[in-house]
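S.K.: Which chain is which? The protein sequence lines are A and B, in order. Going by our numbering, the first residue of the first sequence is number 1, and it counts up by one from there. Going by our numbering, the first residue of the second sequence is number 158, and it counts up by one from there.
Hints are computed from structural coordinates only; laboratory data are not their basis. Do not rely on the hints blindly, as some may be mistaken.
[Unchecked claim] Label pairs and their computed distance ranges (CB to CB):
1. Gln312(B) <-> Gly25(A): 58 to 64 Å
2. Ala212(B) <-> Ser110(A): 23 to 29 Å
3. Gly291(B) <-> Phe55(A): 32 to 38 Å
4. Ala212(B) <-> Trp8(A): 30 to 36 Å
5. Leu20(A) <-> Gln312(B): 48 to 54 Å
6. Pro161(B) <-> Ser85(A): 50 to 56 Å
7. Ala212(B) <-> Leu59(A): 17 to 23 Å
8. Gln327(B) <-> Leu20(A): 53 to 59 Å
9. Ser166(B) <-> Ser85(A): 51 to 57 Å
Note that beta-carbon positions come from the ideal geometry of N, C-alpha and C, so glycine has one too.
The lines below spell out each chain.
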Amino acid sequence: MIAEMTWWSYILELLSLGLLAFTIGLTAFRAGRHPDVKPFSLLAGGGGAVIASFFVVLLSPARPVGAVITVLLLLGAAGGVFLGSRAKFEVRGGGLKSAQGIWYLVVWSSLVFLSSLLLVSGSGLAKAGVSIMLISSLAVAGYTYCLYMRYALSARQ
Amino acid sequence: MFCPQCGHSERDDTRFCTACGKQLLPVARTLPQGKHAGPRTPLLIGIIASIVVFAIMVATAIVGFTASKSAKSNTVKMSTPKEAATQLLLAMQRRDLSNLKSLLDPDFVKKFNETNPGGYESLLEKHFFGNVPGDAEFEDLTFDTSVNGNAATVQLTGGSAHYEDACGNQVKKKAIELLPPKTDLVNRDGGWYVSIPEE
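Make the full structure from the sequences, and use the hints.
M.R.: So, in structure tokens, the structure goes:
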């Protein structure tokens, strides 16, 4: 069952899902070909994910309660920092070469795609969709910022 | 090394010939490299960006708490079923969506919000305002209330409505022809709310 929506929000939702699917494909293609990551793209990626989670909480009527949101944010950030602290990378020229490359962006976009599907499915899982979006966004932010800080500290030596 | 211009012998790390002044080493090699120019720059940027991201994260949590609180306080408690039904009819007459939302069963609104995130308000408008002309005036409305534990039903038993139709003619009808003949209500925490049975 698809949730009851106005025709224009239905079209917008379809367009954004299509755009997201295209982005996932493009990012996966890029991630497969180049393992290098620009340090500032790490900051931009993580910052963008956190800003996106802020707007989801601000605008989505299916947001969980405040305490659950806080737990999801903390869990996501902690998980991301844990993964970021274990990621292998080496400094090359002005950037860094990471074994994971930009696959984190592919994983995050795919989870956002899944949460969007849950939001419009009308299955009553909209809150689960928002939760997935929040935890994955903060995980991306934790991962990218941890990796960036490790890069900045190693570049200093 | 020797100066390529005058042949004067110089140390290998000398930048300019001491005899003729010719530049011996490229300026780029002698100037500090990016890493040495500001070893703290990437770290400083990282710290500032982390603080900003942390602030956004805190703001997100605060918005979450505030939104939960306002969702709870967005309902108005009606002390009797009749009062709730009367307010509902008033909201329908005025096409007042925010007042209508405050009268609905909070549990229903929560569930409805989750399953219909995109079209919640338009569905409510269609359901409650669809049959009532914009300028309708209601008079002498009478109700019959029956309460059964936490549930109640308010029957519309009388009253009239008048409004202007599309051709500009004054139309007078029985209120029951435009308004729902009965309203189901539910008691939550001492307040009566309009309940919508699941279809």
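S.K.: When you take the CB atoms of Ser166(B) and Ser85(A), is the distance between them in 51 to 57 Å?
M.R.: holds (54 Å)
S.K.: Measuring from beta carbon to beta carbon, are Ala212(B) and Leu59(A) in 17 to 23 Å?
M.R.: holds (19 Å)
S.K.: Quick check: does the Cβ-Cβ distance between Pro161(B) and Ser85(A) fall within 50 to 56 Å?
M.R.: The hinted range 50 to 56 Å holds for Pro161(B) and Ser85(A), with Cβ atoms some 52 Å apart.
S.K.: Is it true that Gln312(B) and Gly25(A) lie within 58 to 64 Å of each other by Cβ?
M.R.: Since Gln312(B) and Gly25(A) have Cβ atoms about 59 Å apart, the given range 58 to 64 Å holds.
S.K.: Check the following: the C-beta atoms of Ala212(B) and Ser110(A) are separated by a distance inside 23 to 29 Å.
M.R.: holds (28 Å)
S.K.: Take the C-beta atom of Gly291(B) and the C-beta atom of Phe55(A), compute their distance, and say whether it sits inside 32 to 38 Å.
M.R.: Holds: the Cβ-Cβ distance is about 35 Å, inside 32 to 38 Å.
S.K.: Cβ-Cβ distance between Gln327(B) and Leu20(A): within 53 to 59 Å?
M.R.: Since Gln327(B) and Leu20(A) have Cβ atoms about 54 Å apart, the given range 53 to 59 Å holds.
S.K.: Take the C-beta atom of Ala212(B) and the C-beta atom of Trp8(A), compute their distance, and say whether it sits inside 30 to 36 Å.
M.R.: holds (34 Å)
S.K.: Take a look at whether the Cβ-Cβ distance between Leu20(A) and Gln312(B) falls inside 48 to 54 Å.
M.R.: Roughly 50 Å apart at Cβ, these two residues keep to the hinted range, so it holds.
Violation of the numbered hints given earlier is absent; every hint is satisfied by the structure.
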